[in-house]
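With the sequences and hints as input, model every part of the structure.
Residues per chain, in single letters:
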Amino acid sequence: GAGVSQSPSNKVTEKGKDVELRCDPISGHTALYWYRQRLGQGLEFLIYFQGNSAPDKSGLPSDRFSAERTGESVSTLTIQRTQQEDSAVYLCASSLVLQEAQYFGPGTRLLVL
Amino acid sequence: AQTVTQSQPEMSVQEAETVTLSCTYDTSESDYYLFWYKQPPSRQMILVIRQEAYKQQNATENRFSVNFQKAAKSFSLKISDSQLGDAAMYFCAYRENYGGSQGNLIFGKGTKLSVKP
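Chains as they are written, first to last, in my numbering: chain A, 1 to 113; chain B, 1 to 117.
Treat the hints loosely; a few may be bogus.
Claimed, not checked - Each computed DSS-like pair below joins lysine-lysine, with the alpha-carbon atoms no more than 30 Å apart:
no., chain 1, residue 1, chain 2, residue 2
1, A, 11, B, 112
2, B, 73, A, 57
3, B, 109, B, 70
4, B, 112, B, 78
In short, the hints are calculated from the structure, not lab data. All figures in this text were calculated on a predicted structure; none of them were measured in a lab.
Okay, here's the thing in C-alpha cells:
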C-alpha cells in the first residue's frame, strides 16, 4: 500500500515568512510523528500525535513551531517567522499504534534564505 | 535523559564481506525498543531491524542481525554479504515502551557506510 507522503518535497523561503509542511500518514495509522534533521545530523524529535491529540510537545524548538492533525489523518507542521537556523529536512513518520515501529516519509527539505 | 551514541562516523566494507556498526545507549528503563534505520541519499528512512529489550534472542532480518547486550547497553548491527545497495547512513534509535516519552525515537548521529566493489 501507499507509504507516508510529505509535501512539498522542497521549500525555499525568505527569513520571516511562515511555512506549512504537510504529512499524509499510512492509512489506518493512529500515531504520527514529526522530526527535524539538520545537515549531517541525526533526527531530532519535535512532536507526536496519538489520534488527533499531541500529548508531548516538549520537542518543539520554540513557540514559532506548531502542529495540528485533523481526522486522524493529515498533519500540518507550521513554522512562523522562519529563521535561517530552521533550515533542515523535516521528516514525518506514522505507526499503526504508538508502540509499533515508525515508518517514515521522504521528508521536506526547507531552506530559509 | 536517554542518549544514543554511534562512535563510528564512517565505515567502509568490501562487497560480499561483513561489517559491524556499533551503538551504545544510556537509559535507566528496563522496557524499551531499539532500532536500526537506513537512510540512503534519497533521504528516505528505512527500518532495517528492531529489538525488544525484554527478548534475549538477537533479532535477524535476512543479511542483517544485531548483537544486543542489555547489561552493557550495546546494540550493534552486523551486515553480512555486503551489497552495493547497502551504502547509506545508518542510524541507531531508542524508544521507551511506556510513559510520556514512548512516542519519540531518540537517534544517534549516524554512521556513513561505504561499500567498495
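Hint numbers not upheld by this structure, sorted from lowest to highest: none
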